[in-house]
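J.: The hints should help you fit chain B onto chain A, whose structure is shown.
For the protein sequence lines, the chains are A and B, in the order given.
Take this note's numbering: the last position of the first sequence gets the number 404, and nothing is skipped along the way.
Take this note's numbering: the last position of the second sequence gets the number 404, and nothing is skipped along the way.
There is no bait here: all hints are sound.
The list treats identical chains as one, so a pair stands whether inside a single copy or across any two.
In silico lysine-lysine, DSS-like type, Cα no more than 30 Å apart, as pairs: (1) 137 with 127; (2) 27 with 354; (3) 137 with 27; (4) 354 with 127; (5) 354 with 401; (6) 127 with 401.
Hints are computed from structural coordinates only; laboratory data are not their basis.
All of these numbers come straight from a predicted model, not from anything done at the bench.
2 protein chains.
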Amino acid sequence: MPELEWFDGGITAVPGILAGGVTAGIKPSGKKDLALVYSSSPARAAAVFTSNQVKGAPVLVSMQHVRGGVAQAIVASSGCANVCTGEQGMRDAREMTRLVSEALRIRAEHVLIASTGVIGERLPMDKIRAAIPTLVKSLSPQGGRTANEAIMTTDTRLKEVAARLEIGGRPVTIGGMAKGAAMIEPHLATMLCFVATDAAITREALDASTRRAVDASFNRITIDSDQSTSDTVFVLANGLSENDPLGPGARGLTQFSRALAAVMQRLARLMVQDGEGATKLVAISVRGAASRRDALAAARSIANSPLVKTAINGEDPNWGRLMMAIGKSPARVDAGRVAIAFEGELMVEGGTVKDGVRVDRIREIMRRSEYTITVDLGLGRAEDTVWTCDLSEEYVRLNSKYTT
Amino acid sequence: MPELEWFDGGITAVPGILAGGVTAGIKPSGKKDLALVYSSSPARAAAVFTSNQVKGAPVLVSMQHVRGGVAQAIVASSGCANVCTGEQGMRDAREMTRLVSEALRIRAEHVLIASTGVIGERLPMDKIRAAIPTLVKSLSPQGGRTANEAIMTTDTRLKEVAARLEIGGRPVTIGGMAKGAAMIEPHLATMLCFVATDAAITREALDASTRRAVDASFNRITIDSDQSTSDTVFVLANGLSENDPLGPGARGLTQFSRALAAVMQRLARLMVQDGEGATKLVAISVRGAASRRDALAAARSIANSPLVKTAINGEDPNWGRLMMAIGKSPARVDAGRVAIAFEGELMVEGGTVKDGVRVDRIREIMRRSEYTITVDLGLGRAEDTVWTCDLSEEYVRLNSKYTT
Chain A
1 MPELEWFDGG
11 ITAVPGILAG
21 GVTAGIKPSG
31 KKDLALVYSS
41 SPARAAAVFT
51 SNQVKGAPVL
61 VSMQHVRGGV
71 AQAIVASSGC
81 ANVCTGEQGM
91 RDAREMTRLV
101 SEALRIRAEH
111 VLIASTGVIG
121 ERLPMDKIRA
131 AIPTLVKSLS
141 PQGGRTANEA
151 IMTTDTRLKE
161 VAARLEIGGR
171 PVTIGGMAKG
181 AAMIEPHLAT
191 MLCFVATDAA
201 ITREALDAST
211 RRAVDASFNR
221 ITIDSDQSTS
231 DTVFVLANGL
241 SENDPLGPGA
251 RGLTQFSRAL
261 AAVMQRLARL
271 MVQDGEGATK
281 LVAISVRGAA
291 SRRDALAAAR
301 SIANSPLVKT
311 AINGEDPNWG
321 RLMMAIGKSP
331 ARVDAGRVAI
341 AFEGELMVEG
351 GTVKDGVRVD
361 RIREIMRRSE
371 YTITVDLGLG
381 RAEDTVWTCD
391 LSEEYVRLNS
401 KYTT
Chain B
1 MPELEWFDGG
11 ITAVPGILAG
21 GVTAGIKPSG
31 KKDLALVYSS
41 SPARAAAVFT
51 SNQVKGAPVL
61 VSMQHVRGGV
71 AQAIVASSGC
81 ANVCTGEQGM
91 RDAREMTRLV
101 SEALRIRAEH
111 VLIASTGVIG
121 ERLPMDKIRA
131 AIPTLVKSLS
141 PQGGRTANEA
151 IMTTDTRLKE
161 VAARLEIGGR
171 PVTIGGMAKG
181 AAMIEPHLAT
191 MLCFVATDAA
201 ITREALDAST
211 RRAVDASFNR
221 ITIDSDQSTS
231 DTVFVLANGL
241 SENDPLGPGA
251 RGLTQFSRAL
261 AAVMQRLARL
271 MVQDGEGATK
281 LVAISVRGAA
291 SRRDALAAAR
301 SIANSPLVKT
311 AINGEDPNWG
321 RLMMAIGKSP
331 ARVDAGRVAI
341 AFEGELMVEG
351 GTVKDGVRVD
361 RIREIMRRSE
371 YTITVDLGLG
381 RAEDTVWTCD
391 LSEEYVRLNS
401 KYTT
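Looking at chain A on its own, in the form it has when it is part of the complex:
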C-alpha cells in the first residue's frame, strides 16, 4: 500500500460518517441549500475560522461550541451567510444548532454550524425549522455528494476528496468536502471545508495537525484577495479506526498530519480551479528568498496582482508585471538577481529578459490550464508556493450583479 492512497469519495468515505442535504428554500433557485454531516459517535473536533474582524454569527457560535473539543454534527446552509445580522443573527444560528441537536438527540454544543452566501440578510428561520426533520432523514453513508451540493454558491463543481493510509497497521481514512469560489485570499476565504477521519487522535494533536494543514493549503491560495467573514474549516476524528491514539510525539502522527495537509491541499486546489471566472490554476513558487516570510510575501504579491492575473488570463508572457509585483512586495528584492521560469523554461535572468529566450515555448506553456511560475530571488535558500487563478471578464460579470 502506498503511503497515501487516493480514491473516489468524500466525507462519507469515512467509517461512521453520514451526510445529507435538502432544499429548505433559502436559495431562490430551488437548489439544495441545507447540509448535514453526522458522526455516529462523538468525535474529536478541531476548527479554524476566518481572521476577518467581522465574523458571521455561525462562526461566533461554532467558536463557542468547538471549545469543548468534541462534536458530532455539522449543519451548514448556503444562500445566506447570516453575517452582520446583529443579535437576531446569533439567536438564529443558536436555534439552528439546537433544532439539529434535538432531532439527532445529541447535545447542542456538539453541533457545529456554518453558513455561506449573501452578507447582511437574515436566515429564513421558518423554512429552516420546517426543513430540519427532512434534513436529518436525508442522512446516509452515501450522502457526501448531496451535502456538498447543498453548500455550493457560485461553485460550479463538487469539491470532495478521500484518501487512505495505514497507521500502526490500522487503515485510516480521511475524507473531505469544501466549497468556495470567491472572496478567497490567503488566511481563509468564503470557503467552507469539512474533513472527517476515523483516526484516533488526541485533542492537542488534532488541533496542531489541523492548523498546520490549513496553513499549508487554504492559507496558500488566492482567488481575488478578498477575505470572507464566514470561512470555516472543521475536522472531525471519530476514532473508529482503533489505531493507537495519536498524541504529540506518537509514531504515525507526522504521517497523519501530512495526509491531512495533502487532503486539504487537494480541496484548496479544487477551489482555485473553480475560482469565479477562472480558467487557469497557476502555482507561484518563490525560491532563493532571504527568509520563508519573504518567499511567501513575494509569492502572494504576484498571486494577488490584478495585472499579473489578467496577463495569465490573456496567456501573455508579460514578465515585466511579475517584476513589478515582486518589487512592490515587502520581501527583500535585488532586481538584478531575479530569475523567472515558466515550467522550468527560463525567461528572465539577472533581472532582465534572457538572451535567446524561447517566447513561443512560454506562450505554449501559458495556454495550459495548469502550470508553475518559478521566481528565484537569488538571495537565500528559503522558498514557498501560493496557488492562484486568472482574473477574467467573467469574474467581473459574476460579481458586479451578485445581490441584485
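T.: Frame of chain A; chain B shown alone:
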C-alpha cells in the same frame, strides 16, 4: 481674488515654462511619444519616486540628477518604460538626458527623465536620437497639451490643471500635467506628474511641500492596487514670480503648500476617473477611526477590494462587501459600531442594515459617475479618504492583452 483660482491650462500656464512633444516612433501607433518641459531659467527641483524595489532606469538616473536640487528640463517618453533593461537601460537613459542637455545647452544633471510603457524592452535609441532636435524645436509657451499627449499610454483624456494664488502681494501660478490609468495604487503608480510654478521657494520648503502634496493626492488614490516601477512626480519652481522666497516658517508657505496639494489632488482624481475601464470615481471616506493610520488602512482595504469594486461597477448596494473589506483590514474594527452612508444616505448602523433603509435612493446615488461612501468606525475621531474607481470587464479586456 479667491484663495486659489483655477483656470484652463496646464504646465505652460506658468511664466517661463515651455513644453512640446513629438512622435519619435517608440509607439507603433505613430502617436506622440516624446515630451519635453523646459524652464527658461534653472529651477528648484523636487521629486518623489515609486517605492517599488524594482525601479526603472529613468527613475534611477533622475534620483541622481535631482540630488542637486536644481533642474531646467524634463524629458519623458511613452510606449517603453525602460525598466529591467540592465546596464544598457541605464546608459540609454543617461544618453537621453545628455542629448537633451546638449540641444538645450544646459547641464546634463539639470535634465530629469521619466519613461512609461512596457517593462523589459529597450528604448529604440536611434529613433530617439533622431527625434531630439525636432523635440527641442517643438518647445512653445502653449505646448503643455502637446507634451501631455506625448506621455499618454492607455490614458483616454488629457490631465492638466492650472491655478493662481497670491503670495505676499505677488501672483503665483502652479500648473501641472500627469498621466496614468493603471498599475496605480497607494504609494505611487504608473503615473507621471510634472508640476511647475513660478514661486520663489527654498529647496527645503519645496521638498517638504512636494512630499506633503504627493501624500495627500497620489498616495490617496488607487485604480488596481498594483504599483509601477516608474512612478515619478517632478516639481519645478523657477522663482519668476519674485515673491519673497518661501522658506520654512515663511508667511505664505502654508498657502503655497495647500495650493500645490490641491493641484496634485485634481490631477490624481483625473487619473482615477480615467482609470482603465473605469466608469465611476468614488471617494472612500473613513471617520471615527481609532487613529489616522487605521482610517487610511480601512479606506485602502475598501478601495482595493475587487468585490467592492465590482459592486460599484454593477451599481449594486452590496454593503456586506464593505463590511468584509473593513473587517479584513488591519484597522481596529468593532463590527457592531460600524455605520455606512452613501452621500450621507445612511445604509448601515450598528453593523447591520438600518431599519427603513432607502435602498432605491442609494441605488440612485450609485448610478452617478461620482459619489462618496462614508464609513464611520465609531471608535475615535481620526479620518482619512482614498479615491478609487470601479473594476469593469473592460479593465480585464485591456490588461489581458497589453504586450501582445
